[in-house]
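In case you want the letters, here they are:
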Amino acid sequence: MKLEVSDQTATIELAPSLDIFVAEELLALFVDADNRSLDLNINAGGVEKASTACLQIIHSAAVSCIEADRTFQIAEASDALVTAFKDLGLYSKITMRS
Amino acid sequence: MSTNDFDLDQFKATYFEECAELLIDAETRLADLQHSPENVDAEDLNAIFRVVHSVKGGAGAFSFDQLVGFAHIYEALLDRMRQGEIQITEDIVTLLLSANDILTNLIQAAQNDITVPEEDFIDVKNKLNLLAFDQPVNSSTEEGETETTISEEKSTKKYIISFNPKPELLQHANEPLLLVREMKALGELTTIVNTDRLPSIQKIISDEAYFSWVFELVSDCSLTDVEEVFEFVTEDCDLDIKIEDETQKPEDVSSQPTSAPPIEDNSTKTLETTKKQAVEAMQAPTIPTPATVGKPTPTGNSQASQRVSSIRVELDRVDRLVNMVGELVITQAMLRQQVDNLPPELAAFMAKGFEDLGMHTREIQESVMAVRMQPVKSVFARIPRLVRELASKLGKKVELETSGEHTEVDKTVIEQLSDPLTHMIRNSLDHGIEETPEDRKKAGKPELATVTLSAEHRSGRIHIIVTDDGRGINRERVRAKAIEKGIINVDENLSDEAIDDLIFSPGFSTAEEVTDVSGRGVGMDVVRRNISNLGGRISVQSTPGKGTKFIMSLPLTLAVLDGMVVAIGKEKFIISLTAIIESLRPAKTELHNLSNGAEVVSLRGEYIRLVRLHRLFNIPGAQKDPSQALVVVVEIEGGKQVGILVDELLGQQQVVIKSLEENYDPVDGISAATILGNGMVALILDVDGLDAMARQASHKQNTDDEIDNQPDLLTTDTDEEKSTTTNQLANSRPEDQEALTNKATEEKTQRYEVME
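Taken in order, these protein sequences are the chains called A and B.
The opening position of the first sequence corresponds to residue 1 in this note's numbering, with each subsequent residue numbered one higher.
The opening position of the second sequence corresponds to residue 99 in this note's numbering, with each subsequent residue numbered one higher.
If you are wondering where the hints come from, they were derived from the structure by calculation, not from laboratory data.
On a predicted model such as this, the values are computed, not experimentally measured, just so you know.
Don't be surprised by glycine CBs; every beta carbon is placed ideally from N, CA and C.
Among the hints, erroneous ones may be present.
Okay, the calculated bits of chain A under chain B, using three or more residues with CB under 8 Å as the criterion [claimed, not checked]: (1) 4-10; (2) 26-33.
Restraint-style ranges between C-beta atoms, simulated for each label pair [to be verified]: (3) A:Asp79 / B:Val411: 30 to 40 Å; (4) A:Gln8 / B:Phe114: 49 to 59 Å; (5) A:Glu25 / B:Gln750: 20 to 30 Å; (6) A:Glu25 / B:Lys450: 38 to 48 Å; (7) B:Ser134 / A:Asp79: 56 to 66 Å; (8) A:Asp7 / B:Gln206: 57 to 67 Å; (9) B:Met432 / A:Asp7: 30 to 40 Å; (10) B:Gln300 / A:Phe21: 17 to 27 Å; (11) B:Asp123 / A:Gln8: 23 to 33 Å; (12) B:Gln750 / A:Phe21: 55 to 65 Å; (13) A:Arg36 / B:Asp414: 22 to 32 Å; (14) B:Gln300 / A:Asp79: 23 to 33 Å.
Work out the full structure, taking the sequences as your base and the hints as a guide.
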């Protein structure tokens, strides 16, 4: 996973396995984007596995971003990621948009 | 598995490895229970309970329903036993042992993805059920329905589960997602999350748990089933489970069924959290939780890492490491050899560096090999059970004593050890121990026979010794049987040791009838072959009326070997250092030819067979005169010695063993190969095989020369010498005399093997 910046928007392509072992790496990317006050565009099409640790970080990044009046988008969310959001009860806190 | 499912397969291997370790522990503790059922250590029962509980827990996660069902009943009985509700008797312990067997089989079946027919274990299951729940299982019960015996009604209930993880929950390898999915499997689940504790992205710690949940589960499952979902996280969370009637349903507008409506447009999914929704999310109603979780401690990570004292590593990774270290050793040897070609001033400079490199390489290699070392306890743990069952089957009273269980040996050796050891124990109990306790009393021995199993390190090898205090080998019977089976000729005169050794002949058995314990005529020859394939040796020592001792000597590792590089002609061979006793250059007067074609060298009054490698392997340019060459005296099977004739010793070297069978084909007299510093392949000598080859060669020569009927055993230069050596031979060790007189027996045996 890496951060690609273009026009004040950071794009992060999530790893297929979002297990607890990649949580630190994911957090570092979000902190970096936050430090640079970037909007966030997350490409989640390749996510096959998710963990609570990573979903906490994604959720916190989203809230931090939006509270700072920046945009946070998750594009192409895979079924695995959506199901994980649902299972943890976070589905009600996000909005799907086509 | 769909991509939505959390991939559990990656954890299965670990689960089965853990099961194997747990079962060994259970087996050991059951053996303790069996030993003294009247004086049971409560911790043993608790430990066995924990084993079964853990097996069940893991099985549940992987949906091994058959295993879960059986483990549940087994666990329930153990629970009643540790509560003191059921008294521990010999019969109960026997039942537990059977249950443990079935548990093992069910784990193996789960591993192989097969189902064990219910009728295979219904008897034991019924007995367990009767004791655990006071009712048997109906034999026609379908798989998975065993839980119906638990006295809980199957009515639909709503459970309200408050689950408030402690910050360290994730650090302890717990995953709330898995818990949610387990609950979803039980019924209809509604999940309400509380994100109040979630810090901003700048303050969050990646592996701390911040969310808490209230779950509503509508299911006909039992409270126990729900509790079991959380059984491995209870120490890492505050948990409260209530049934709807007993609690007030929490109201939460944000609550969302997990089987929630589908995504509005799956074809072009875009997930966005807008500011408004995020603020709403942050302001979501607080879910009441039974306890307050303390503030996350910034030192959580370091505390977690301090607790980790071991990690589980796939064997493949260790093997790769071992192989790479092996290659490193070879490369280092090559580099060292290159130094010889450098100018002296550079060579001296490099020498110190290579000395350090060599030392470090050696340390790395020893450290890596130590990773593969395991105590033989895992093999020994199964033996008490085997002895008990065999003794019961044979109507004998036998006590097993073990020692040296913590002696370590390479994992590969351990894996190959089980079968030979089982054969040896079976043999000791079936043939070694007297038929009945009365027979023992008549022989002036205690009724209770003793079989001793011990392990120890000796001379860079592991010795595993099985001793019994039985009747010893009945040599007359063995000899008669060997004649009957054509293994030896009727007129052959064998020493006691040679007769004892006949039990390792293929197809040999003195059992009058075939039983399921032994007597099929396969066993000890297979034991010897298996041990030999491992680079080991087995010998037997027996005293009539007193007992028998089997000594199994195995290398500590099959990956590296400390060897002596020897030269014969232009060829180089490796002899294992652990086999070498000494090397010498014999005087001409110490060399003798026997009438049967064999050559021996006299060493401090004993005669040692000489093995001419150049002759066996047809190597040109070798030194043929032993008095001009060197004789390397090595120890072979049964503690005997032979002298290998070589041109010179080139030096000691640790070599990496490369299997000849895997990379080429088996070769007589060669156990494996290695790569030397110059990149050339050198063969590692199988000293036992060489001895057998030399015997065959001398016999062939003997037959060719037709000198079998010569009256004198030795032919020397002068009559005086002949007289001296004949006397010495008469006084020499029985093994040497046997070597001279009994080769025909062994050749018969070898012919038999070929026919087989």
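### Query
Which numbered hints turn out to be false for this structure?
1, 5, 9, 11, 12 and 13
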